[in-house]
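Take these sequences, add in the hints, and give me the full structure.
If you want the building blocks of each chain, they are given just below.
2 protein chains.
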Amino acid sequence: MLNRVRSAVAHLVSSGGAPSPRPKSPDLPNSPSSTSAPPAVAPEAPKSPSARPGNWSGAPAKTSEARARFSRPTFLQLSPGGLRRADDHAGRAVQSPPDTGRRLPWSTGYAEVINAGKSRHNEDQACCEVVYVEGRRNVTGASREPSSSQGLCFYYWGLFDGHAGGGAAEMASRLLHRHIREQLKDLVEILQDPLPPPLCLPSTQGTPSFSDSSHLVGPQSCWSPQKEVTHESLVVGAIENAFQFMDEQMAQERRGHQVEGGCCALVVVYLLGKMAIIVRNGEIIPMSREFTPETERQRLQLLGFLKPELLGSEFTHLEFPRRVQPKELGQKMLYRDQNMTGWAYKKIELEDLRFPLVCGEGKKARVMATIGVTRGLGDHNLKVCSSTLPIKPFLSCFPEVRVYDLTQYEHCPDDVLVLGTDGLWDVTNDCEVAATVDRVLSAYEPNDPSRYTALAQALVLGARGIPRDRGWRLPNNKLGSGDDISVFVIPLGGPGSYS
Amino acid sequence: MLNRVRSAVAHLVSSGGAPSPRPKSPDLPNSPSSTSAPPAVAPEAPKSPSARPGNWSGAPAKTSEARARFSRPTFLQLSPGGLRRADDHAGRAVQSPPDTGRRLPWSTGYAEVINAGKSRHNEDQACCEVVYVEGRRNVTGASREPSSSQGLCFYYWGLFDGHAGGGAAEMASRLLHRHIREQLKDLVEILQDPLPPPLCLPSTQGTPSFSDSSHLVGPQSCWSPQKEVTHESLVVGAIENAFQFMDEQMAQERRGHQVEGGCCALVVVYLLGKMAIIVRNGEIIPMSREFTPETERQRLQLLGFLKPELLGSEFTHLEFPRRVQPKELGQKMLYRDQNMTGWAYKKIELEDLRFPLVCGEGKKARVMATIGVTRGLGDHNLKVCSSTLPIKPFLSCFPEVRVYDLTQYEHCPDDVLVLGTDGLWDVTNDCEVAATVDRVLSAYEPNDPSRYTALAQALVLGARGIPRDRGWRLPNNKLGSGDDISVFVIPLGGPGSYS
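Residue numbers (this note's numbering), protein chains in the order written: chain L, 18 to 516; chain Y, 18 to 516.
These are calculated hints, taken from the structure and not from any lab test. A portion of the hints provided could be inaccurate.
A pair counts as met if it fits within one copy or between any two copies, since identical chains are not told apart.
Calculated pairs, DSSO-like style, for lysine-lysine (alpha carbon to alpha carbon, straight line, at most 30 Å) [stated by the list, open to error]: (1) Lys-244 to Lys-400; (2) Lys-244 to Lys-363; (3) Lys-363 to Lys-324; (4) Lys-400 to Lys-324; (5) Lys-364 to Lys-344; (6) Lys-381 to Lys-202; (7) Lys-135 to Lys-400; (8) Lys-400 to Lys-381; (9) Lys-380 to Lys-135; (10) Lys-495 to Lys-380; (11) Lys-400 to Lys-495; (12) Lys-380 to Lys-202; (13) Lys-363 to Lys-495; (14) Lys-244 to Lys-324; (15) Lys-344 to Lys-202; (16) Lys-495 to Lys-344; (17) Lys-495 to Lys-202; (18) Lys-202 to Lys-400; (19) Lys-364 to Lys-202; (20) Lys-364 to Lys-244; (21) Lys-202 to Lys-244; (22) Lys-324 to Lys-135; (23) Lys-381 to Lys-495.
Note that the coordinates shown come from a computational prediction; the quantities given were computed from them, not determined experimentally.
This is the structure:
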């Protein structure tokens with residue numbers, strides 16, 4: 018029976034493939050005037066209609082910590098001296114949790130390195146936690162004894178790749194899992210009940226009866242009895258809403274506290290048996306994809322078309338393969354609109370001389386000539402360069418959630434999930450990572466729990482390169498990543514890997 | 018060199034999985050008042066900014082033919098008596114082109130049968146043509162002799178599944194390939210030139226020089242030199258725009274002429290080497306997917322959220338697993354918004370009592386309780402039942418285009434592309450169709466060109482069933498399809514199949 022109830026989620030936002038939207042933005046600007054601009058409301062991230070949790074259990078206290086100059090994940094247990102070394106752009110020492118301390122859950126490996134001078138501090142952040150969710154009493158209206166309602170535990174790993182400052186990444190690394198916990202509180206009883214989730218819950222003010230509700234179906238013929246809703250889709254919905262609340266909290270707190278910049282997030286939630294994975298028995302299973310101006314072009318263009326006021330008089334929602342020149346007025350140029358995947362010619366009119374909403378290719382692709390990632394948290398103050406036009410309406414805080422059922426497969430100690438920030442993926446790919454996994458893990462005993470940290474370190478070192486001439490070079494003499502690099506290696510099976 | 022230039026497109030819109038939006042709608046209503054309602058402008062189908070072709074080469078004359086009581090594809094060569102038999106709901110005789118006449122291009126097989134009384138006439142239509150595209154002179158500005166510009170030929174197959182009347186399907190079957198031809202006219206020289214397409218063309222008024230344009234790139238750093246645009250993406254763009262012009266023509270002509278209802282379209286274009294396919298060496302390659310309120314839920318909800326005026330005061334953009342009842346106000350019910358793939362609980366408010374924009378499951382899924390397909394041509398007059406709220410803004414006329422390169426594979430005479438309307442797919446599936454392909458083709462000599470018509474007939478007969486008790490039954494005693502059924506079988510290789 019439990020198998021039916023087992024549900025959980027691997028959950029991935031972005032990992033956006035582009036550098037900071039504003040190169041060399043001032044670190045932690047503290048001028049109140051720069052942070053009190055009117056909020057940019059995101060149409061893609063409307064206020065959730067669900068009941069808003071009252072208290073973020075310590076959130077305000079935590080966020081004030083974010084104002085400290087900079088910080089690294091607490092599980093690194095860095096001393097003040099260690100913190101200085103981790104912040105050294107010249108040495109770029111690889112950081113991992115100490116051998117001597119408490120191991121991360123599941124013997125997870127972790128390593129990170131600061132960038133080569135791209136931003137003042139490391140703008141990546143990481144979090145790895147076991148989170149206990151206590152159920153709210155009597156959610157379903159069933160008259161159970163309080164003691165009969167058992168809480169739920171979930172395991173949580175998150176990487177946050179900040180841009181234009183480290184504030185959003187730090188806040189997300191401290192609070193996103195709490196938002197997920199908050200969203201799951203209503204589901205504690207429901208997820209442990211083998212019956213399908215109730216479609217309707219009584220109001221907390223105590224509407225007397227909890228109706229089975231299947232008899233309430235209206236007379237409309239297109240309402241087939243009622244939709245099947247799975248436990249799994251409830252967890253997906255909880256995570257989606259948690260991201261939205263996280264983003265809203267950033268919007269609210271950017272005035273009182275300093276939440277500068279934005280961040281992409283790559284998150285794994287293990288709950289009752291399912292999870293994300295990337296390498297299994299030598300097979301590579303990519304579990305996330307990037308959200309960029311190129312991959313989300315049509316979403317962005319549709320919004321610009323439906324809400325032209327968001328483009329000001331500066332941008333056009335049409336895409337052109339290069340900038341249109343005034344002297345080309347009246348000629349025909351290739352274009353794409355929000356409906357097209359192909360290209361066609363159009364006669365150039367005055368409006369087409371505006372800057373395109375989406376332009377550039379690959380790492381250089383940009384929304385409004387400013388930002389190269391299109392989903393993430395924060396960026397509430399982001400404006401078009403030398404303009405007051407807000408960019409946030411085009412950014413989505415909603416994640417793409419994929420589910421992998423860990424109980425459906427046999428896993429060996431060499432099966433791992435690799436999470437990495439852009440610094441890793443900019444200079445390597447799935448196949449090279451899989452080869453490193455193979456090489457490093459085979460050099461250790463399968464039951465040696467330190468092998469996963471060694472693997473994380475090897476991946477970070479391999480992406481960083483070693484100092485040679487002017488730059489950090491890879492063995493093939495290509496440039497290594499000058500970006501911040503952070504890597505989790507999560508073992509999926511084998512003796513001792515689940516602690 | 019030619020390989021680089023070879024481009025063409027398999028192009029599929031919808032094949033929507035649901036019955037007519039208005040059961041038993043009056044056939045060919047002719048009241049001018051009912052057709053002069055203000056047009057419902059579709060935000061997804063904005064006016065194309067490209068130059069509008071001046072003359073649809075005979076289009077108006079053709080559309081007036083559509084006012085005839087009913088018609089079947091001309092290639093069936095039906096006599097008046099044959100037309101009556103094809104229109105007989107009781108006999109449901111399977112129709113195919115005569116053995117004696119000119120064969121369809123590529124020895125394509127075709128068969129169709131009328132519905133079992135669902136609508137007065139067969140609302141499916143079909144077209145199979147070889148279309149010659151004469152280039153417009155001097156499009157690229159290169160000073161070639163007129164004689165050096167060779168035209169292009171494309172092969173074209175289209176199935177049109179009408180709903181709420183046969184007018185839109187008939188008009189599309191007569192004119193869509195002409196719109197494609199019109200869009201391709203500007204591309205004739207460009208597609209035959211091995212060089213990449215020019216990004217910019219001189220104006221037809223004769224701006225003197227045809228600029229290479231690569232030196233015109235602006236100073237903006239995110240403009241990488243210029244985007245690569247392939248020949249293939251030009252053909253895709255031409256087809257996309259042709260659909261848009263077809264839909265606009267229906268909007269314009271619904272006043273003067275009678276274009277009632279709407280239609281889904283499934284179209285194949287063979288041009289310079291590429292095409293769509295479904296069965297190759299026993300392998301099944303699905304080339305189209307359905308656009309329904311379920312598969313397009315998030316697109317529909319986003320539009321309702323961004324443009325709430327399109328919902329009137331009657332609908333909510335939120336989805337609920339069943340209709341919300343007034344007595345449930347204040348309770349919590351599962352919902353999904355435009356951003357969510359999972360479900361969550363929300364407190365029921367007054368607005369949630371409105372009818373959901375998207376509701377129902379499977380064949381019963383509906384937009385605004387009215388229509389079960391979300392992409393197609395026509396439907397400009399479609400309103401919500403007992404309301405003046407137009408539905409067209411939520412429908413997209415844009416196709417999804419997939420490309421299959423026929424030159425990249427070896428094809429044998431048993432490799433076929435099967436196109437079918439809903440009548441076929443409602444009662445069968447890819448695997449069963451593949452089994453029928455295997456069984457029928459193996460009963461004929463590989464070089465017998467009649468085998469493809471025999472296969473089309475077998476597929477239609479298999480989906481229709483035979484009369485038994487009250488209904489048309491399949492061998493397993495399930496009900497056969499009571500819908501119109503039309504099938505093309507296009508051979509992809511083997512001697513004599515390309516004519």
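Evaluation of the provided hints:
no.: 1; hint: Lys-244 to Lys-400; verdict: between (42 Å within a copy, 26 Å between copies)
no.: 2; hint: Lys-244 to Lys-363; verdict: between (45 Å within a copy, 16 Å between copies)
no.: 3; hint: Lys-363 to Lys-324; verdict: both (22 Å within a copy, 28 Å between copies)
no.: 4; hint: Lys-400 to Lys-324; verdict: both (17 Å within a copy, 25 Å between copies)
no.: 5; hint: Lys-364 to Lys-344; verdict: within (13 Å within a copy, 57 Å between copies)
no.: 6; hint: Lys-381 to Lys-202; verdict: neither (42 Å within a copy, 34 Å between copies)
no.: 7; hint: Lys-135 to Lys-400; verdict: within (21 Å within a copy, 57 Å between copies)
no.: 8; hint: Lys-400 to Lys-381; verdict: within (18 Å within a copy, 45 Å between copies)
no.: 9; hint: Lys-380 to Lys-135; verdict: within (16 Å within a copy, 54 Å between copies)
no.: 10; hint: Lys-495 to Lys-380; verdict: within (17 Å within a copy, 55 Å between copies)
no.: 11; hint: Lys-400 to Lys-495; verdict: neither (35 Å within a copy, 61 Å between copies)
no.: 12; hint: Lys-380 to Lys-202; verdict: neither (40 Å within a copy, 36 Å between copies)
no.: 13; hint: Lys-363 to Lys-495; verdict: neither (41 Å within a copy, 53 Å between copies)
no.: 14; hint: Lys-244 to Lys-324; verdict: between (33 Å within a copy, 26 Å between copies)
no.: 15; hint: Lys-344 to Lys-202; verdict: between (61 Å within a copy, 26 Å between copies)
no.: 16; hint: Lys-495 to Lys-344; verdict: neither (41 Å within a copy, 67 Å between copies)
no.: 17; hint: Lys-495 to Lys-202; verdict: neither (49 Å within a copy, 47 Å between copies)
no.: 18; hint: Lys-202 to Lys-400; verdict: neither (36 Å within a copy, 43 Å between copies)
no.: 19; hint: Lys-364 to Lys-202; verdict: between (57 Å within a copy, 15 Å between copies)
no.: 20; hint: Lys-364 to Lys-244; verdict: between (49 Å within a copy, 18 Å between copies)
no.: 21; hint: Lys-202 to Lys-244; verdict: within (23 Å within a copy, 49 Å between copies)
no.: 22; hint: Lys-324 to Lys-135; verdict: neither (35 Å within a copy, 42 Å between copies)
no.: 23; hint: Lys-381 to Lys-495; verdict: within (19 Å within a copy, 57 Å between copies)
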